[in-house]
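J.: The lines below spell out each chain.
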Amino acid sequence: MNNPLQKRFFEQIGQLFGREPTRPDEADISPAAQKIHLFKQGNRDFIAEKKHARAHAVKKNTWRNRRWATLITANLLFVLSYGLDVQLLEGSLTASRFIGFHLIDLNSALQVMLAHKHIIVNLLIGTGTVLLGWALLGGRTFCSWVCPYHLLAEWAEKLHLYLAEKKLVTDAPIDRRLRGVFWLVFALLALATGYTVYEAISPTGILSRALIYGPGLALLWVIALLAFEVFFSRRAWCRYACPIGLTYGVVGIVSPLRVKYTLEGCFHEGDCRKVCLVPHVLDTVIKGRAVDSEVPIGPDCTRCGLCVDTCPSGSLKFEVKGLSKLL
Amino acid sequence: MSDPDPIPPGPQPDATPAPAKPKPASAAQRLSAERQRQARRRVLHTVLLSGGVLGAALSGWLPLAYAQRQRLRPPGALDEKDFLASCIKCGQCVQVCPVQAIRLADLVDGFGVGVPHIDAREQACDFSCDAVQCILACPTGALTYHKPEFLQPRAGAGLAAKPVLKAKQKDPEPTLNLTERIGIARLTRPESCLAMQGKGFKGQTRGAGFKGRLRYMDVDRWKPIPVADHPYDVPECDLCVRECPVTQAISIETLTLADGTKRRQPVVHEPCVGCGVCEMVCPVEQAAIEVVPREVWRA
Numbered sequence: 576m577n578n579p580l581q582k583r584f585f586e587q588i589g590q591l592f593g594r595e596p597t598r599p600d601e602a603d604i605s606p607a608a609q610k611i612h613l614f615k616q617g618n619r620d621f622i623a624e625k626k627h628a629r630a631h632a633v634k635k636n637t638w639r640n641r642r643w644a645t646l647i648t649a650n651l652l653f654v655l656s657y658g659l660d661v662q663l664l665e666g667s668l669t670a671s672r673f674i675g676f677h678l679i680d681l682n683s684a685l686q687v688m689l690a691h692k693h694i695i696v697n698l699l700i701g702t703g704t705v706l707l708g709w710a711l712l713g714g715r716t717f718c719s720w721v722c723p724y725h726l727l728a729e730w731a732e733k734l735h736l737y738l739a740e741k742k743l744v745t746d747a748p749i750d751r752r753l754r755g756v757f758w759l760v761f762a763l764l765a766l767a768t769g770y771t772v773y774e775a776i777s778p779t780g781i782l783s784r785a786l787i788y789g790p791g792l793a794l795l796w797v798i799a800l801l802a803f804e805v806f807f808s809r810r811a812w813c814r815y816a817c818p819i820g821l822t823y824g825v826v827g828i829v830s831p832l833r834v835k836y837t838l839e840g841c842f843h844e845g846d847c848r849k850v851c852l853v854p855h856v857l858d859t860v861i862k863g864r865a866v867d868s869e870v871p872i873g874p875d876c877t878r879c880g881l882c883v884d885t886c887p888s889g890s891l892k893f894e895v896k897g898l899s900k901l902l
Numbered sequence: 229m230s231d232p233d234p235i236p237p238g239p240q241p242d243a244t245p246a247p248a249k250p251k252p253a254s255a256a257q258r259l260s261a262e263r264q265r266q267a268r269r270r271v272l273h274t275v276l277l278s279g280g281v282l283g284a285a286l287s288g289w290l291p292l293a294y295a296q297r298q299r300l301r302p303p304g305a306l307d308e309k310d311f312l313a314s315c316i317k318c319g320q321c322v323q324v325c326p327v328q329a330i331r332l333a334d335l336v337d338g339f340g341v342g343v344p345h346i347d348a349r350e351q352a353c354d355f356s357c358d359a360v361q362c363i364l365a366c367p368t369g370a371l372t373y374h375k376p377e378f379l380q381p382r383a384g385a386g387l388a389a390k391p392v393l394k395a396k397q398k399d400p401e402p403t404l405n406l407t408e409r410i411g412i413a414r415l416t417r418p419e420s421c422l423a424m425q426g427k428g429f430k431g432q433t434r435g436a437g438f439k440g441r442l443r444y445m446d447v448d449r450w451k452p453i454p455v456a457d458h459p460y461d462v463p464e465c466d467l468c469v470r471e472c473p474v475t476q477a478i479s480i481e482t483l484t485l486a487d488g489t490k491r492r493q494p495v496v497h498e499p500c501v502g503c504g505v506c507e508m509v510c511p512v513e514q515a516a517i518e519v520v521p522r523e524v525w526r527a
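So the sequence lines, in the order shown, correspond to chains A and B. For the first sequence, position 273 (counting from the first letter as 1) is numbered 848 according to the numbering used here, and the numbering increases by one without interruption. For the second sequence, position 127 (counting from the first letter as 1) is numbered 355 according to the numbering used here, and the numbering increases by one without interruption.
Next up, chain B with everything else stripped away, as it sits in the complex (with noise of 0.2 Å):
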C-alpha cells in the first residue's frame, strides 16, 4: 500500500525501540520495524474481526439449517423457507396483533434472530382483530393473502372455502380472508384428553397465572380478556369445539369402536386453519390437542 499509516487515530503503539544493543539501530531502522509490527497487527487484527464476523453470522443460519422442529408461523406467512427468505424482522405483525401472540425468536432459538412464530400453547392466534392485521402489517409479502404465482400452496395447505369466524357470524362479511391454513390441530395425546375419558371441567383452565388471552363474544367482542378470568363448568369438557373461532373446525364425536363400545372424541375438520386456540385452552398438562405447523389436510 502506498501510504499504509494515514493517521494515527490514537495515541500509537509503545514507539519504544528494543532493549538498548551495543549498537543502536538507525532511526529508519527503528521505524520500519515499527511500521512491519503494525502491519502484522492489522492482519491479525483484520483476521479477528472478519473470523468473528463471519463465525457469529454463520452460527446464527446453522441451527437454522438443521432446525428440526417445525415453528408455526404468524397466518399467512410463506412456505418456510420461502417466508425465512422474505421476513425483514421488523416486528410490525408483533405490534398490530391485539393478543401478542407473534413474537420474536432470540440468538438461542435457533431459527433466526428477530423471526416471528407463535407458540400456540401460550398464546394463540385468535383472530380477535377479525381481518388478520398481521398479514396487512407485513411490509415485505412475507405473511399474505395472495401468493405471487410461482409459490403455489402445496397440496392440502389452501383451504377448501374461507373460514367462517364464529365471531362474524352475523356480520355481512362472515369470513376471514384467509386462503392458506397455518397447520392442524392434531388430538396428539388422546390418552389425556378429557372427553375422551367422559370427565368434565370445572374452574380455570390453565389455572390461575396463565397470561394467554382470548376474545369471548358474550364477554365482549373487541377486548379480549385473561383465559384465567373466564372459569369454565362444563359437564363434558368440550372446552376446544367451545373456544375454536372457526365454524365447523373441530367438534366432538361419538365414535363406535370395533368391538362396539362407543367412546366421545374431539374430531378436527377440513376448515381447520390451525390458529392453536384448542391448544390454548386444553385444560390438561400437556395439552391433548396441538397444532401441527405446516401440516396440510389430508382426506
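Excised from the complex, chain A in its bound form (with noise of 0.2 Å):
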C-alpha cells in the first residue's frame, strides 16, 4: 500500500464514525493520479466520449437484482426453516444455527456480553465464525444483502425520492456522528442496565422475528422509522442511528472483498453518489479527489452494487483484494 492510499485508509475510518471527507492536500495525491487529473482537465476527446457514453447509457440492475434475491432468499429460510420444519436455518437473524452451526450476530452478541457480563462458549463460536465471515465478505456486507430493514427502507427511500420530486418532502441530512454516539449510549445501556436494551427497537430483530414467529405490535416502531424516512431523512436509520451497521463496518475495516475505483475512465458526473446509501465513501470520485489511480471503497460501503450497475463508465467495480495478483 503507498502512502496516499495508506493515509486514505486511516481518513475512511474517521468517516466510518462520522468524519467528512475532506479535499486531499495535492501532496497526497500520487503522481500517476494527479497525470490523470491533468489529462482530463479540458480534455475535448475526454468529454466527446463522455457524452457518447451518456448517449448510450444502459440502466442495469444486476447487482440490485443479485442482491435482493440474496437478502430474499437468506431470510425465507429462516421462514421455511421454522415454518415448515426444514431446520437448515434456524433462530433469527439475532442468533441462529446452519445446519448445526451456531451463527450469532455480532452487535446481538456484544449487547449480551455487556449485559451479563458472563461469556459462554457456544456464543464465542458462533460469533467467531460470523465475524470471520463478515470480515472476508465485508461488514456492511450484511446490511444490504441479509438484514430485512434494509431491504424495506430501499423501498421507502424510492417513495420518498418520488415525493422529494414532486416538492413534497425534502431530505433533512443529519449528523453522522450520531451513529457512534447511538453505539456508545447503547452500549452503555447494556452495561448499566443488564438488559439488552437495543435489541427492543432493533427493526433487524423485530422484523427478522416478525418474519419467522409472526407480527407483533413491534413492527409499530419500524412502521415509524421508515415513516420518518420517507418524510425527513432519507435512510436516516442505515446512515445515522444503526449500531449495528458500525459494528459490521469495524468488522469490515480490512476486508479483501470491496468496490474498487479507477481513475482512468471515471467521468465524473456523480450518478454513482445519487444512488449511494453512505454517498461519503464515494468522495473520491469527485473531479481531482482520487489520491490514486485506483483506489479501494472504505468500510462504511455496504457492496450492495448500485453504483456498480450505475457507473456508465465501468469505473467502479467489485474486486478480491490480490485475487487478481493470484490470478
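Treat the hints with care, as some may be off.
BS3-like mimics (lysine-lysine), calculated; alpha carbons at most 25 Å apart, straight line [unchecked claim]:
no., chain 1, residue 1, chain 2, residue 2
1, A, K692, B, K396
2, A, K625, A, K862
3, B, K309, A, K692
4, A, K900, A, K634
Simulated coverage check for chain B against chain A, where a stretch passes if three residues somewhere in it have a Cβ under 8 Å from a Cβ of chain A [claimed, not checked]:
no., segment
5, 311-317
6, 327-336
7, 390-398
Read the hints as simulated data drawn from the structure, not as lab findings. Remember, predicted model here, so these are calculated numbers, not experimental data. Ideal Cβ placement from N, Cα and C applies to all residues, glycine included.
Since each chain comes alone in its own frame, lean on the hints to assemble the complex.
T.: This is the structure we're talking about:
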C-alpha cells in the first residue's frame, strides 16, 4: 500500500465514525493520479467520450437483483426452516444455527456480553464464525445483502425520492456522528441496566422475528422509522443511527472484498453518489479528489453494488484484494 | 465543520430567497442564510431522531424494570435478571418445542420484545421432547443445564433429584436432565377445586375449542395430541395428578381437618418442576391450581 492510500485508509475509518470527507492536499495525491487529473482537464476527446457514453447508457440492475435475491433467500430460509420444519437455518437474525453451526449476530452478541458480563462457549463459537465470515465478505455486506430492514428502507427510499421530486418532501441530512453516539449509548445502557435495551428497538431483530414467528406490535416502531425516512430524512436509520451497521463497519475495515474505483475512465458525473446509501465513501469520485489511479472504497460501504450498476464507464467494480495478482 | 454540506442527497430545500425586498441580498448572504437554515434543520432532525430512538428504547425497557408480574420462563432459565441479560431473542427455543409452549413477548407485554415465556394455561411444557430441547437450542446459555459457578441456584430452586418422567419410566435412563425448577404448582383457588368438592369430571377439559396439546402415553408417546381430542370420565377429578408428566410430584391426599372431617385435596410434592401441565388441564375456570413462576420449595 503506497502512502496516499495509507493515509486515505485511516481517513476512511474516521469517516466510519462520522468524519466528513475532505479534499486531499496535492501532496497526498500520487503522481500517477495527478497525471490523470491533469489529462482530463478540458480534454475535448474525453468530453466527447463522456457524451457518447451518456447517450448510450444502459440501465442495469444486475447487482441489485442478485442482492435482493440473496436477501430474500436468506430471510426465506429462516422462515421456511421453522414454518415447514426444514431445519436448515434455525433461529432468527440475532442468533441462529445453519445446519447445526452456531451463527450469532455480532452486535447482539456484544449487547448480551455487556449486559450479562459472562460469556459462554457457544456464544464465542457462534460469534467467531460470523466475525470471520463478515471480515472476509466486508462487514456491512450484512446490511445490504441480509438485513430485512434494508430492503424495506430501499423501497421507502424510492417513495421518498418520488415525493422529493414532486417537491412534497425534502431530505434533511443528520449528523453522521450520531451513529457512534448511539452505539456508545446502547453499549453503556446494556452494561448499566443488565438488559439488552437495543434489542427492544432493533428493526433488524423485530423484522426477523416478525417474519419467522409472526407479526407483533413491535412492527409499529419499524413503521415509524420508515415514515421518518420517507418524510424527513432519506435512509435515516441505516445512515445515521443503526449501531449494527457501525459494528459491522468496523469488522469490515480489513475486508479483501470491496468496490474498487478506477480513476482513468471516470467521467466524474456523480451518478454513483446519487444512488449510494453512504455517499461519503464515494467522495473519491469527485473531480480531482482521487489520491491514486485505483482507490478501494472504505469500510462504511455496504457492498450493495448500486454504484457498480449505475456507473456508465465501469470505473466502479467489485474486487477481491490480491485475487487479480494471484490469477 | 469544514464541509457542512458535502453532497446534496436529494433535491435541495427550496432555495428561493426571501420575498423581494427593496435591496436584494447578495448571493453570498443568501447562501449563508440558506446554510444556516440547513444547519438548524440538521440539528432539529438530529434531536428528533435521537429523542425518538432513545425514547423508544427506554419505553421498551422501563416496563421491564418495573415488572410486577413474574412470567414462567422456559426450563433451565437463569434467574430473571440474568435471564433477561443473556437472552439474545433469537427464538431457537420456540422452534424446537414440540408443543409450541414457548412464545416470544411483544411490545405491549411490557417485559422485553422477543423474550421467551410460557403461558401454562394456554400451553404448558409437557416435556414431550424428553430432553428439554429448548435448553439444548439456546445459544447464549440463558437456558442451561449447568449454571456457571457465580450463579448458584437460590435455596429451594434446585431439585433434590433429577425428575423422573412418567413417559420414560421404562427407559434405561428415566430422568429428565433438569437440576432446577421453573416454578412450583400451588392450589391457588382451593374453593373451586373439583376434587375438594368431591366431584368427578366428564367431558373435554377446557372445552372443544381449546388448542393446547399434550402427550398422552396411552395414545402416542411421540406425538402430542390436542387436549380437546382426549375427553375424560373420572369419578373423582384427578386430572392434575393423572396428567402430571413427572413422577411423585403431585397426588390427591385425604386430609383430616381440625374438626375431624376428612377432605380430599391435591398436594404438590418436592419433585414438582413447575411445568404447568396441571394448570393447563384443570377443568375449572379459572384454574384451581397454578404454577407460581420462580417459586422455591419450602420444606
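J.: Each hint needs a verdict: does it hold in this structure or not?
T.: Verification of the hints:
Note on K692 (chain A) and K396 (chain B): the hinted pairing is violated, with a Cα-Cα distance of about 38 Å set against a maximum of 25 Å. Restraint check: the Cα-Cα separation between K625 (chain A) and K862 (chain A) comes to about 14 Å, which is no more than 25 Å; the hinted pair holds. At most 25 Å may separate the alpha-carbon atoms for a hinted pair to count; K309 (chain B) and K692 (chain A) meet this at roughly 12 Å. For the hint linking K900 (chain A) to K634 (chain A), the alpha-carbon distance of about 31 Å lies beyond 25 Å, and the restraint is violated.
Only when three residues or more bring their CB closer than 8 Å to a CB of chain A does the claim for the segment 311-317 of chain B stand; here the count is 6, and the claim holds. Interface restraint, the segment 327-336 of chain B with chain A: holds (4 residues with C-beta to C-beta distance below 8 Å; minimum three). Coverage of the segment 390-398 of chain B by chain A is violated. Counting CB-CB distances below 8 Å, 0 residues qualify, and the rule asks for three or more.
Of the numbered hints stated above, those contradicted by the structure are hints 1, 4, 7, listed in ascending order.
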